[in-house]
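Novice: Residue strings, one per chain:
4 protein chains.
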Amino acid sequence: MSDFNFLIEELVKFRDARNWEQFHNSRDLALAISIEASELNELFLWKSIEDSEQVDKTKLKEELADVFAFALLLAEKHGFDVKEIVLEKIRKNNEKYPVEKSKGTARKYNEL
Amino acid sequence: MSDFNFLIEELVKFRDARNWEQFHNSRDLALAISIEASELNELFLWKSIEDSEQVDKTKLKEELADVFAFALLLAEKHGFDVKEIVLEKIRKNNEKYPVEKSKGTARKYNEL
Amino acid sequence: MSDFNFLIEELVKFRDARNWEQFHNSRDLALAISIEASELNELFLWKSIEDSEQVDKTKLKEELADVFAFALLLAEKHGFDVKEIVLEKIRKNNEKYPVEKSKGTARKYNEL
Amino acid sequence: MSDFNFLIEELVKFRDARNWEQFHNSRDLALAISIEASELNELFLWKSIEDSEQVDKTKLKEELADVFAFALLLAEKHGFDVKEIVLEKIRKNNEKYPVEKSKGTARKYNEL
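Residue numbers (this note's numbering), protein chains in the order written: chain A, 4 to 115; chain B, 4 to 115; chain C, 4 to 115; chain D, 4 to 115.
No lab work stands behind these hints: they were computed from the structure.
Among the clues, some could well be false.
Which copy? The list can't say, so a pair holds if one copy fits it or any two copies do.
[Unchecked claim] No farther apart than 20 Å at their CA atoms in a straight line, the calculated lysine to aspartate or glutamate pairs in the DMTMM-like style are these:
1) Lys64 with Glu103
2) Lys16 with Glu56
3) Lys64 with Asp54
4) Lys86 with Glu12
5) Lys62 with Asp19
6) Lys99 with Asp6
7) Lys86 with Asp6
8) Lys62 with Glu42
9) Lys99 with Glu79
10) Lys16 with Asp54
11) Lys16 with Glu45
12) Lys86 with Glu56
13) Lys106 with Glu56
14) Lys80 with Glu53
15) Lys64 with Asp6
16) Lys60 with Asp19
17) Lys111 with Glu98
18) Lys60 with Glu45
19) Lys111 with Asp6
20) Lys86 with Glu13
21) Lys80 with Glu13
22) Lys16 with Glu79
23) Lys62 with Glu24
24) Lys111 with Glu79
Generate the whole structure from the sequences, applying the supplied hints.
Specialist: What follows is the structure, encoded as structure tokens:
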């Protein structure tokens, strides 16, 4: 079994033991991802970009894990294969951001 | 190799071909996760929770993949094992949300 | 004095008494708005759209006030007149969303 | 009439001409604030804190105005007086962040 599927199984076990599937519609799962991402960002608020590398690792792990957890649950809900959708997005980004145009610049694809 | 490590390798290849590691500090990666999570949420804006299940699957895949991509890059930056940090978080949540107290309720752990 | 300017004065007094202007660069103020907006959204997480109107009013006031506070501080930093920028945006939206095309639909302007 | 009330009137006129009140429940308005805040943050993504002050002013005005617009509509929905709720929050923050403890530090109140 892939790591993604293993984690999804563990997350589903946790969810189902609490009868929480009723709350896990797509819209709420998406919102949960956003809220966890925001808590992750709060670790860096008012910190310089240099200082941001000295962030509390324990907290960083926890907030990042929360993002992964809800993202995996949303993928599960729609039967997405995480490996496949990320590879597909990399393929698309290869077209949107050709190496020769995007090398060394952080500009968005529509400003290249 | 685990799926996570495989995806991280692909993402790093993509990043390094463009010389983008210079932009990928922890703070910006965290912000990128948040921005992608927000684009994911925009798919559901002004839609009822029922209608939210009829979301455009192609767009959903893309936005969710973007969240995974930046989350994987942030994990890579700190040398985190995604499987390990998610399992660790499930363990902590098992303590914060005991089955008997949290079954069937969406309340936060500090309101149980 | 306009209400906006009055509030900005109060916020600046609060900020300067703590010597916090040093932290209030544009990027951090924007991030603070986003984090407060996320806390506002957390009040509605896992709640139906109908139940969302029964949200705790005290918490709603506080989270919404936090959004206003950082938005006002960012406006102040750039010398924006809040009334003017909002009116200008309404004018632009009047063009992007002509009444005849957008009446009764929540579609985005590029999908009208 | 206060500036806030004037802007709220203009926003309500815009909304009602399009028959959009049906979409403006509290949960969606809160999500809209968050999405606009994220677009505001995107202006700063991959930029150093110093460069963040050279942000495109026209875009900054527009994104910030969008945050204000939805925040004002949410305040209107609940009959909040913006001036009052922000002043009340400043009073609370005066207690949470006493000058002597918080001067010159960006630490959160629970870490002071």
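Novice: Are the hints correct? Go through all of them and say.
Specialist: Verification of the hints:
no.	hint	result
1	Lys64 with Glu103	neither (35 Å within a copy, 27 Å between copies)
2	Lys16 with Glu56	neither (34 Å within a copy, 22 Å between copies)
3	Lys64 with Asp54	within (17 Å within a copy, 29 Å between copies)
4	Lys86 with Glu12	both (16 Å within a copy, 12 Å between copies)
5	Lys62 with Asp19	neither (26 Å within a copy, 28 Å between copies)
6	Lys99 with Asp6	neither (29 Å within a copy, 24 Å between copies)
7	Lys86 with Asp6	both (10 Å within a copy, 7 Å between copies)
8	Lys62 with Glu42	both (10 Å within a copy, 18 Å between copies)
9	Lys99 with Glu79	neither (28 Å within a copy, 23 Å between copies)
10	Lys16 with Asp54	neither (38 Å within a copy, 27 Å between copies)
11	Lys16 with Glu45	neither (29 Å within a copy, 24 Å between copies)
12	Lys86 with Glu56	neither (28 Å within a copy, 22 Å between copies)
13	Lys106 with Glu56	neither (24 Å within a copy, 24 Å between copies)
14	Lys80 with Glu53	between (38 Å within a copy, 14 Å between copies)
15	Lys64 with Asp6	both (18 Å within a copy, 19 Å between copies)
16	Lys60 with Asp19	neither (30 Å within a copy, 25 Å between copies)
17	Lys111 with Glu98	within (13 Å within a copy, 26 Å between copies)
18	Lys60 with Glu45	within (14 Å within a copy, 24 Å between copies)
19	Lys111 with Asp6	neither (32 Å within a copy, 28 Å between copies)
20	Lys86 with Glu13	both (18 Å within a copy, 11 Å between copies)
21	Lys80 with Glu13	within (14 Å within a copy, 25 Å between copies)
22	Lys16 with Glu79	within (13 Å within a copy, 27 Å between copies)
23	Lys62 with Glu24	neither (27 Å within a copy, 23 Å between copies)
24	Lys111 with Glu79	neither (30 Å within a copy, 23 Å between copies)
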